[in-house]
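Using the sequences plus the hints, can you model the full thing?
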Amino acid sequence: MIENILPSGVAAAELLDFPDDLRAHPAEEHLIANAVEKRRRDFIGARHCARQAMEALGEKPVAIGRGERGAPVWPRGIVGSLTHCDGYRAAALGHKLRFRSVGIDAEPHDALPPGVLDSVSLPQEREWLRDTDSGLHLDRLLFCAKEATYKAWFPLTTRWLGFEDARISFTVEESGEAGAISGAGTFRSELLVPGQVNDGGTPLTSFEGRWLITDGLILTAIVHD
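Per the working numbering, residue 1 is the first one in the sequence shown, and the count goes up by one each step.
Hints listed in this document are in silico derivations from the structure and should not be mistaken for laboratory results.
All values derive from a computational prediction rather than experimental measurement.
It is possible that part of the hints are untrue.
[Claimed, not checked] Below are the SDA-like pairs computed for lysine to any residue, each with C-alpha atoms no more than 20 Å apart in a straight line:
| no. | residue 1 | residue 2 |
| --- | --- | --- |
| 1 | Lys96 | Glu3 |
| 2 | Lys96 | Glu55 |
| 3 | Lys60 | His95 |
[What the hints assert, rightly or not] Pairwise CB distance ranges, derived in the manner of DEER restraints:
| no. | residue 1 | residue 2 | range |
| --- | --- | --- | --- |
| 4 | Leu22 | Gly65 | 13 to 23 Å |
| 5 | Gln196 | Val36 | 30 to 40 Å |
| 6 | Gln124 | Val36 | 20 to 30 Å |
| 7 | Thr132 | Arg23 | 23 to 33 Å |
All C-beta atoms, glycine included, are put in the ideal place defined by N, C-alpha and C.
Below, the structure is given as structure tokens:
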């Protein structure tokens, strides 16, 4: 599913079911030695997907460390992103010579818990939600896009980006077949804080992304070049 919103040149892999024989990479086991089972499965599953994506890029599938704020530490020359939610783990990777950063996120297609929207959104975004007639859970889509924005931002800046620091707008195409609601579109994350970067490239002002709702999942992706 995730490959449908990624450009050519980005390799992706996803895991819907967790195989009984799937184990942590030996060099990663210490990172989750004391983790609860759900956390272990999410960590192992997402990194398993990342190694599949590495192979698709023609790279050796190696261990993936954990850096500042829990961000994955990619092999030299690789940029990428991991995501997981109930029943889904995925990774998307590209070569650094072609892409500056990647950010993906997955969420269940359901409403945000009560009280969460106000803490993760701006007044303009809440106004758009109120004014948009849709059968989709656009509040959760907004949250998912904010998460992808942070994941694309952090590797280039190594700075925090709060929910209030990016204003997101969407295009929405909605469809429904046999009672299943789905949708797709694009989004733009306008950055409201200075975007100085550490890779020598142009400072960040915005990100362009794509999103998809299907099979009970919301998927968002930003690939910044």
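- Which hints, by number, does the structure contradict? Numbers 6, 7, in rising order.
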